[in-house]
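*Asks:* Okay, here's what each chain looks like letter by letter:
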Amino acid sequence: MIRTPLRPLARILSARENGENPDAIEHQNRRLRHEQIRDHDRNRAEGRLLVLGVFFFCAFVVVGARMGLLAVSDPVEPRAQAPGSIIANTRADIVDRNGNILATNLDTHALYAQPHHMVDREGAAKALVKIFPDLKEDRLIKDFTGKRKFLWVKKKISPEQMQAVHDIGDPGLLFAPRDMRLYPNGKLAAHIMGGSSFGREGVHAAEVIGVAGAEKYFDTYLRDPANAGKPLELSLDLSVQAASERVLDGGMKLMNAKGATSILMDVHTGEVISVVSLPSFDPNDRPHAAIAGDPSDSPLFNRSVQGVYELGSTFKIFAVAQAMELGLVNADTMINTAGPMRVGGHLIGEFQNKNYGTISVSQIIEKSSNRGTGKLALLIGKERQQEFLRSLGLFDKLDFEIIEASGSTPLLPPKGKYGDLSAVTISYGHGISTTAMHLAAGYGAIANGGRMVKPTLLKQTGPVIGARVMREDVAAAARRMLRDVVAGDDGTASFGDVEGYFVAGKTGTADKPKARGGGYYTDKTITTFAAMFPAENPQYVLIVTLDEPSENSGDKPRRTAGWTAVPIAAEMIRRVAPLLGMRPTIEPAEVAGITLTSSNN
Amino acid sequence: MKSVIYVLTALGVIGLAFWAYRENYATQAVLNNTDRLHAEIRDAHSRLAVLRAEWAYQNRPDRLRDLAELNFERLQLLALNPDQFGAVDEIQYPAPELLPITNSVDVSTMNAENDL
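In order, the protein sequences belong to chains A and B.
Quick note: the first sequence, position 542, residue 542 per the numbering used here, numbers continuous.
Quick note: the second sequence, position 88, residue 88 per the numbering used here, numbers continuous.
Keep in mind that the hints were calculated from the coordinates and are not lab data.
Think of the CB as a built atom: it goes at the ideal place given N, C-alpha and C, for glycine as much as any other residue.
Hints are not guaranteed to be accurate.
[What the hints assert, rightly or not] Stretches of chain A that chain B covers, calculated by requiring three or more beta carbons in the stretch to come under 8 Å of a beta carbon on chain B:
| id | segment |
| --- | --- |
| 1 | 100–111 |
| 2 | 148–159 |
| 3 | 442–450 |
[To be verified] Derived DEER-like restraints, expressed as beta-carbon distance ranges:
| id | chain 1 | residue 1 | chain 2 | residue 2 | range |
| --- | --- | --- | --- | --- | --- |
| 4 | B | His-45 | A | Leu-135 | 29 to 37 Å |
| 5 | A | Asn-355 | B | Leu-75 | 52 to 60 Å |
| 6 | A | Glu-26 | B | Leu-8 | 53 to 61 Å |
| 7 | B | Asn-24 | A | Leu-135 | 19 to 27 Å |
| 8 | A | Pro-287 | B | Gly-86 | 56 to 64 Å |
Between the sequences and the hints, there should be enough to build the whole structure, so can you do that?
*Replies:* Next up, the structure:
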């Protein structure tokens, strides 16, 4: 840039000669220079702005183009950074405690039709009926020739059937991939599994939803894609469950019972190792729920958690344990059980109007005396009794991990009507209806040394230590009494002993209430045997309940627990305890007697 | 001097273009291979699921029990009983044989014959 001097000498001199102010020239030149500088700066700034504008324009165009492209293109999985394991879009498996599969998925296909694409509608309908005999030909022809543009023909078909349909060769018959829920063990643990069906269905996929049992309770977990590789581990043991079902099924038939249930529970963790309810069903082909009639007649009825019944004398041990806990009695305290005993205007009687006279507390349990426990209940008082039974969980709805357990609320005397009479009857298990699972929890507390235990269907990693509900020595004394019921001379459960396992337990026989009210049947009973083994340090609690059993080998039918539920429970323990890895304890052999050496006189 | 730089630059551009071209196709090949492997893994997973289901189905307790009953003559399998196993320290071993007693000495007769 050529720099113009502010005061050019020639102009200054001529200005001076003309008498003008030479400063004016300097001012003029200075102004011109400033104008030049300003123009230059403006140009530069405009250029910069233009470059910046172009840059921003390009940037926004790129962002916009990318967004537009993303919006119109099909979604593609990132191919380069795919995760190591394939995310399976399937429902998680259910396995037992040893990892054996109880429920899994199988790929299958559904068959659907688009009639407007079909070539030979009637021919296709005829061919389909040949492959699937359960379809109706006239119905299919009506559907195919009608206005419908889409219809499902079959929800699940086998590969062979798929090939056969393929061979029909009609372009209007199409297949949709499906995940099918499979219960490979069939009827085994059917009530726990429940069953599943399809939720929302599309051509490309359908969601599998649980409809009952654990499938429904854990539906959210099982459907979460994050859990696809992590099966749901239950506390059940497949082989123990199978053995229990077989024994109970045989026993139920032998005792001519209408239904039966058994629960085997670990007393330290609350894990339910096996739970059976008979009659049963196949969850692969779940029957429809009964609309009319007694729900307990349906095979879908889960007796272990839905069967709310009076469980009879099995409750007696709770009254005795509480009386000992409160220090009112000990095992040897003598109680006069002779009648008549009148509470609230009602006569309290014994089984078959027996009279046991004055007997010890231990014998009250052994002989199962109603008046004996009734007197203890009066000693305890109704408030304390309610408190104790509530602490064992017998008053509350069951919190068990299958959906049916939500209907397991115990039936109690109405509020304000829990009087002395209720206290007395409840002490021997009448006037309170609970499920067998409640009873298992109550006996679990006695078995594990006096701590509350909550039955659970999930595998636990270690002992679950609940709140203390009774002292350890009380629990031990109660167990000794229960052992006497089985091993004692007058025990009601003399058939219950299994060599090597020292079974302890209590029988309970309750008359069945009439469905529409109005008293009890005289020839229908619910018999229960609540057992624990081995008596000294119990590991498991077993509850066996039979619905309307009758043992007909004698002159007249026997309907007591001692003749029906007890032998089944004993057989079950004999069969199941080895599977649980419990070694039988052999009673020490007799010490060799001292033999005298012979001598010769 | 300038022309040498131009030639070198041009050669560099050609070289880089060639490299980018090869890299592009190598990447495509690897991606295709990955896709194929993913498909294989997916197939293997579904095969595995079917096999697992099949295994569980074939080993269901009902079937095993039926098989044990069918083949009872050959296998002689019975349900495990409590008396078939136990703790080692509860086994009664045969008493060691006594050494022959020679030169026995009578300590006392204790009227043994009368008592027995």
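*Asks:* Please check whether the segment 442–450 of chain A has three or more residues whose CB lies within less than 8 Å of a CB on chain B.
*Replies:* Three-residue rule not met by the segment 442–450 of chain A, so violated; n is 0.
*Asks:* Given the hint of 53 to 61 Å, check if Glu-26 of chain A and Leu-8 of chain B actually sit that far apart at their C-beta atoms.
*Replies:* At 55 Å between Cβs, range holds.
*Asks:* With a Cβ-Cβ cutoff of 8 Å, does the segment 148–159 of chain A contain at least three residues near chain B?
*Replies:* violated (count 0)
*Asks:* Return holds or violated for the Cβ distance of Asn-355 of chain A and Leu-75 of chain B against the range 52 to 60 Å.
*Replies:* Holds, since Asn-355 of chain A and Leu-75 of chain B (Cβ atoms, about 57 Å apart) stay within the stated range.
*Asks:* Within the segment 100–111 of chain A, is the number of residues with a Cβ closer than 8 Å to a Cβ of chain B three or more?
*Replies:* Three-residue rule met by the segment 100–111 of chain A, so holds; n is 6.
*Asks:* Given a hinted range of 29 to 37 Å, is it respected by the beta-carbon distance of His-45 of chain B and Leu-135 of chain A?
*Replies:* holds, 33 Å
*Asks:* Taking the CB of Asn-24 of chain B and the CB of Leu-135 of chain A, does the distance hold inside 19 to 27 Å?
*Replies:* violated, 55 Å
*Asks:* Assuming the hint says 56 to 64 Å, is it satisfied by the Cβ distance from Pro-287 of chain A to Gly-86 of chain B or not?
*Replies:* This hint is violated: roughly 45 Å between Cβ atoms.
The structure does not agree with the numbered hints 2, 3, 7 and 8 stated previously, though it agrees with the rest.
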